Amino acid sequence: MTENNKTKILIVEDEEILLRVFKEELNEEGFDVVTATNGEEAVTLAKTKKPGLILLDIILPRKNGFEVLEILKASPETKNIPVIMISVQGNDENITKALSLGASDYIVKSQHSMVEIINKIKGFLYGRN
Amino acid sequence: MEKAPIPKNEKERLLSLYKLGLLDTKPEERFDRITRTATKIFNVPISTLTLIDAKREWFKSCVGLPVREGDRAISFCGHALLANDVFVIPDTKKDKRFLDNPMVIGKPFIRFYAGVPIVNADGERVGVFCVKDTKPRKFSKNDKEILKNLAAWAELEVNSRNLSLALAEEKKLQKKLTEQYNEAERSKAKDEAILASVGDGMIVVDKNRKIIFFSKSTEEITKWKAEDAVGRHTSEIMQMEDEKGHPIPANQRPIHQALATRKTITTIPTTSYYLVFKDGRRFPATITATPVIYKKGIIGAILIFRDVTKEKEIDKAKSEFISLASHQLKTPPTAIKLLTERLLSGKMGEFNENQKEYFREIRSSNQRMIDLVNALLNVSRIELGAFTIQVSKKNVSAVISGVLDELQSLIEKKKLKLKTALEKNMMLMLDESLFRIIINNLVTNAINYTAEGGSIRVESKIAEKGEMLGKNILKEKSFVFIVSDTGQGIPQKEQSRIFTKLFRADNAIEQHTDGTGLGLYLSKSILDHCGGSIWFTSRENEGSVFYAAIPIAGMKAKSSEKMLIGR
Chain A
1 MTENNKTKIL IVEDEEILLR VFKEELNEEG FDVVTATNGE EAVTLAKTKK PGLILLDIIL
61 PRKNGFEVLE ILKASPETKN IPVIMISVQG NDENITKALS LGASDYIVKS QHSMVEIINK
121 IKGFLYGRN
Chain B
1 MEKAPIPKNE KERLLSLYKL GLLDTKPEER FDRITRTATK IFNVPISTLT LIDAKREWFK
61 SCVGLPVREG DRAISFCGHA LLANDVFVIP DTKKDKRFLD NPMVIGKPFI RFYAGVPIVN
121 ADGERVGVFC VKDTKPRKFS KNDKEILKNL AAWAELEVNS RNLSLALAEE KKLQKKLTEQ
181 YNEAERSKAK DEAILASVGD GMIVVDKNRK IIFFSKSTEE ITKWKAEDAV GRHTSEIMQM
241 EDEKGHPIPA NQRPIHQALA TRKTITTIPT TSYYLVFKDG RRFPATITAT PVIYKKGIIG
301 AILIFRDVTK EKEIDKAKSE FISLASHQLK TPPTAIKLLT ERLLSGKMGE FNENQKEYFR
361 EIRSSNQRMI DLVNALLNVS RIELGAFTIQ VSKKNVSAVI SGVLDELQSL IEKKKLKLKT
421 ALEKNMMLML DESLFRIIIN NLVTNAINYT AEGGSIRVES KIAEKGEMLG KNILKEKSFV
481 FIVSDTGQGI PQKEQSRIFT KLFRADNAIE QHTDGTGLGL YLSKSILDHC GGSIWFTSRE
541 NEGSVFYAAI PIAGMKAKSS EKMLIGR
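Chains as they are written, first to last, in the UniProt record's numbering: chain A, 1 to 129; chain B, 1 to 567.
In case anyone wonders, no lab produced these hints; they're calculated from the structure.
Since the structure is predicted, the reported quantities are computational estimates derived from the model, not experimental observations.
There is no bait here: all hints are sound.
Ranges between beta-carbon positions, derived for each pair:
#1 B:Q355 x A:V115: 16 to 24 Å
#2 B:A250 x A:E16: 55 to 63 Å
#3 A:P82 x B:Q511: 43 to 51 Å
Some but not every residue of chain B turned toward chain A, in silico, with C-beta under 8 Å:
#4 S326
#5 H327
#6 K330
#7 T331
#8 P333
#9 T334
#10 A335
#11 K337
#12 L338
#13 L339
#14 E341
#15 R342
#16 K347
#17 I370
Built from N, CA and C at the ideal position, the CB exists for glycine as well.
Here chain B stands alone, though its shape is the one from the complex:
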């Protein structure tokens, strides 16, 4: 007996069969009428519509057999599956392949078989339509034709199911596609809304600085249409110049710098970048250029800019206000100073000692007022951000020594011992006047709050990143200025407020009535603005140590209209 062969594409065939979803389903009239018709036409007892599964033949429709399935290996349909035409066995007993087949020598004693493969819409053979008899018989050409037609009918029924399945599948797919499309459209609309709502100008360029995106607001600002601008160089849309109208050199432009350094470059409102357009319009702008990096390569940059005419005007107004306030506040005390001096000089007549003492008190009160006004004006400038930090290379030790010289008489008057340990010939990028304010403040404090006969130590050094100084670990390599004294120290509970405006510790007020309470606030503000830091350690009645650090790269520059008042 020859077992039913397994075709080469069995896997695909099985897949196709399973996709049909017909296996193991209930009998259906549309199939049963075909097998019935077959038995009547050919006058045979058995006709089946067989589906060939991996290991079995299963009858979707069956006339004349008590079972609904059988073993594939011994099935006739299993053979017929591979036939290219009608597969006929006129007498099973006379055919080597089948004479000892269990279904021949036993129930149902098949002697005649004719079957036609049934093909699925995808071209796979899923089963067979057949007729069987218990007697051998001839099968004419006509008979074969009829059987083929019946099989075609069966195939149609099989595929109509296939078709409706396919249609249902297609419908599902369509729905999914529509949903995805809508989602994409919604996303796109959202993105467009976001981009359009960005009031600032936005231009995206590729790595050659050619424009690839031009936002709606940019159209309004530049008066260029997006479709005209795309593909052009940014320089065709707008030029960049400084306040005086001189063009900004290419290597100082934000996009150039961003593409070269791979960092986001932002100009601050007070820097003078003016954008100029072809119609002659011109305004100061703050510009941010961000490089776009993809897989470690720069593929372009995003340029965002905003008209800051208003900000500049406000800035100017602030500066002018301070100038005016400054002048108005300083004029009367200056007059008092010169007048009291004249009175004390004797040129206005002689006064008695008591009267002279009063004049001296007026003079010193007045001086305090002048100091306070200066300090308050500096504070105003700091808070309004209206001051500059202009750096240049300076010899730090020389500057410190200069300040110490100026304070020499004060030190001697209080009979204080001064020790110095200054790093010689240290050069640092500094704003000298601001640096002096800080040094002056720290040393003057040490002098003022140390009783007669005490000592002060002034030190300067380079400290490494991670070094611990005064219970503080340095975040980067810095120049550090240290002032220690054997003075009254700062009480523990008041230490947290020592840098706040106008704050003076109780013991400080008792010892030295004249302080403004602004010195440390000012020093800290200056250091905060230029990238430095300030801290201290202190014990009441033992002394204090103040540390001021500036990163080794120097003070960070800052531009604005005004400068702070130095001494």
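Here chain A stands alone, though its shape is the one from the complex:
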């Protein structure tokens, strides 16, 4: 994949301001960004927009991140979309739970700078190919 090809990323985050920052940063990197602010919306958009990557927060209204993850992994049309959990929580059990439910990675928002997060996403998407 080359950088000109706009890869679609679905960001699920209930904090509007954080969503805006993520969206702006990712747009500037050349990604097409779709956003959802609650769990149900996330599932719907994942199915209809078919993003190449999902950034999924844990604490969300109307189905939390883990529930969304389970649904996505259970459905044939979405189970192959890689999901990176992002959260303010960095404790081991959340990480373990996320990974065991099928998340591909886990980012702790408060511990990384935006640059690091973007690099992680890029590394993940391009590294896979």
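Put chain B on the given structure of chain A with help from the hints.
Chain B only, in chain A's frame:
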């Protein structure tokens, strides 16, 4: 002269005599009338009711003699004592045994004697009833019969006293027995009250785990009647399973372990032991099993258990509260962090240096807040007991080296010299993230409170029990981590408070404004919870040495819902 013989059972006889309590007592009419009657019937001058003591004959009743006692050895009654029938001496002068007896050849010049032994109720011969004359005489069969009857009368009087004594004794005994019985009943009632008041379930089993006691509260909890439960195996009353419903294997059950290890085994409320009963009821329980040891052998065990559903719910509520608080507290600073970074990146337009400086200040203040929130959340978790210690075998040196690598840039920025003396390839049972928190805390402190150009030394070693380190003697063989610095040290008067929450020494605040005051409190709390210890020595303006020790067996595990936030 033949002395009066001593019968074989003299000791018992004397005992019996003394028990009578008649010796040396005042004359009594009930005895005197018998001796009087005897003298009248037989027309003799002397009649006595004699009690034979160890060395004397003593007259309880006496007619015709001026004395009340005499020497046993020369007495006639002494002989009569052993007779099986009436003892008669028709003429003392014609009897070899007595012809030279002082009482024959001298006062009172006895020539005739007839006596019958008096027997106590217990069968012992205590004395003699006799008649004496100063003239020799014949004694017919009839006379003997009469004398025997008189003696029987005397015996009756003797024994009636015996009887009343016996009755009094019996009464005393009865009273004592009743008192003892009442005492026992009271004791029993007290014990039963105590056992019944124990709200927890209590089951006592023998060494084969068969139930021998089942308390009232256990009846209520298990819905089994004590009489039905006694004799059965505990497994017939209740099953043990984990949270998911899988049965707990036999060798992990508290009673098994207590009987095998001879130690009291207690499960903590947060461990998942669920008791299941035949009616399907199920609750989480805390269980204590204590072996009962008698003469070095195990004879059984006492099992006490309690429904801890409530405790578990409270625990869960605490964890959920912390989770929620944690999330709410961290979200705004995270937003500020990402936003200020974006502002500083230039992607929102260029700012002048002054404006950028303000953004940097916002960013660093914000970072302090994030650190503080994390530290406070850890403190909350520790105080509420809502955190876990999960241990596994780890390479300590590798973990320490990892932490030192992370802090490398900080060390270089302050131009500090770092020396290490680390025990290579040491394996220890650790909770890695908790261990990292401690190492990080101690080394960061050394870095922060040492001025530029100073030096830090990091050492790890195994120390033996009894070894002295930093003025502290180790109570057991331990792994010890030591950080020394040439920094500002801790003033003497503030040393006692260094481990308290939010405490920062004055000179520390002056040197490094950013500290939370929670680092050492956290490190100490973690070490306290997992069986380790922490101490230090320090001199102001010279430096400090901090020691963290973990027993060689490793950190003690602890289960709960949440973990502490590591770095």
